[in-house]
Amino acid sequence: RTLDVTGEISLPEGVEMVMPGDNVTIEVELIYPVACHVGLRFAIREGGRTVGAGQITELID
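Going by our numbering, the first residue of the sequence shown is number 11, and it counts up by one from there.
Think of the hints as simulated: they come from the structure by calculation, not from any bench. Just to be clear, a hint being listed does not mean it is correct.
As the list claims (entries may be wrong) - What follows is a list of derived Cβ distance ranges for each label pair:
{"#": "1", "residue 1": "31", "residue 2": "71", "range": "15 to 23 Å"}
{"#": "2", "residue 1": "64", "residue 2": "43", "range": "14 to 22 Å"}
{"#": "3", "residue 1": "24", "residue 2": "62", "range": "15 to 23 Å"}
{"#": "4", "residue 1": "13", "residue 2": "57", "range": "15 to 23 Å"}
{"#": "5", "residue 1": "28", "residue 2": "68", "range": "16 to 24 Å"}
{"#": "6", "residue 1": "47", "residue 2": "27", "range": "25 to 33 Å"}
{"#": "7", "residue 1": "71", "residue 2": "29", "range": "12 to 20 Å"}
{"#": "8", "residue 1": "58", "residue 2": "38", "range": "29 to 37 Å"}
Owing to the predicted nature of the structure, the values given are computational and were not obtained by experimental measurement. Positions of the beta carbon are idealized from the N, C-alpha and C atoms, including for glycine.
Based on the provided sequences and hints, a complete structural model is requested.
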(Lines of atoms letter the chains of each structure in order from A and count residues from 1; the text may use other names and numbers.)
(Lines give C-alpha, C1' and ligand atoms only; values in the text may rest on other atoms or scores of the structure.)
Protein backbone atom coordinates (compact mmCIF):
# COMPACT_ATOMS: atom_id res chain seq x y z
CA ARG A 1 0.00 0.00 0.00
CA THR A 2 1.25 3.46 -0.84
CA LEU A 3 -0.18 6.93 -0.49
CA ASP A 4 1.13 10.31 -1.56
CA VAL A 5 0.11 13.05 0.91
CA THR A 6 1.46 16.57 1.32
CA GLY A 7 2.40 17.59 4.85
CA GLU A 8 4.29 20.22 6.82
CA ILE A 9 7.31 19.08 8.86
CA SER A 10 8.24 20.76 12.14
CA LEU A 11 11.78 20.19 13.41
CA PRO A 12 12.53 20.28 17.15
CA GLU A 13 13.45 23.63 18.67
CA GLY A 14 17.09 24.48 18.00
CA VAL A 15 17.36 22.16 14.97
CA GLU A 16 17.65 23.96 11.63
CA MET A 17 18.91 21.16 9.38
CA VAL A 18 19.21 17.37 9.46
CA MET A 19 22.15 15.73 7.71
CA PRO A 20 22.46 12.16 6.37
CA GLY A 21 22.92 9.73 9.25
CA ASP A 22 21.23 12.03 11.79
CA ASN A 23 18.27 10.79 13.82
CA VAL A 24 15.62 13.30 14.83
CA THR A 25 12.05 13.29 16.12
CA ILE A 26 9.79 15.43 13.93
CA GLU A 27 6.14 16.39 13.84
CA VAL A 28 4.26 16.17 10.53
CA GLU A 29 0.89 17.83 9.91
CA LEU A 30 -0.86 16.35 6.88
CA ILE A 31 -3.07 18.52 4.67
CA TYR A 32 -6.01 16.13 5.13
CA PRO A 33 -6.84 13.24 7.49
CA VAL A 34 -5.35 9.87 6.58
CA ALA A 35 -5.87 6.50 8.28
CA CYS A 36 -2.56 5.51 9.90
CA HIS A 37 -1.28 3.81 13.04
CA VAL A 38 1.72 3.78 15.36
CA GLY A 39 4.50 1.69 13.86
CA LEU A 40 3.67 2.56 10.25
CA ARG A 41 6.79 3.32 8.22
CA PHE A 42 6.94 6.26 5.81
CA ALA A 43 9.25 8.01 3.35
CA ILE A 44 9.71 11.76 2.92
CA ARG A 45 10.14 12.78 -0.70
CA GLU A 46 11.04 16.14 -2.18
CA GLY A 47 11.56 16.87 -5.85
CA GLY A 48 11.12 13.21 -6.78
CA ARG A 49 13.86 12.05 -4.38
CA THR A 50 13.62 10.30 -1.05
CA VAL A 51 15.19 12.62 1.52
CA GLY A 52 14.14 10.84 4.69
CA ALA A 53 12.41 7.84 6.17
CA GLY A 54 10.84 7.10 9.49
CA GLN A 55 8.28 5.36 11.61
CA ILE A 56 5.20 6.77 13.37
CA THR A 57 5.75 6.74 17.14
CA GLU A 58 2.76 8.82 18.28
CA LEU A 59 -0.49 10.14 16.83
CA ILE A 60 -1.60 13.65 17.84
CA ASP A 61 -5.16 14.86 17.19
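Tested hints:
| no. | hint | in the structure |
| --- | --- | --- |
| 1 | 31 - 71: 15 to 23 Å | 32 Å, violated |
| 2 | 64 - 43: 14 to 22 Å | 19 Å, holds |
| 3 | 24 - 62: 15 to 23 Å | 19 Å, holds |
| 4 | 13 - 57: 15 to 23 Å | 19 Å, holds |
| 5 | 28 - 68: 16 to 24 Å | 19 Å, holds |
| 6 | 47 - 27: 25 to 33 Å | 30 Å, holds |
| 7 | 71 - 29: 12 to 20 Å | 32 Å, violated |
| 8 | 58 - 38: 29 to 37 Å | 19 Å, violated |
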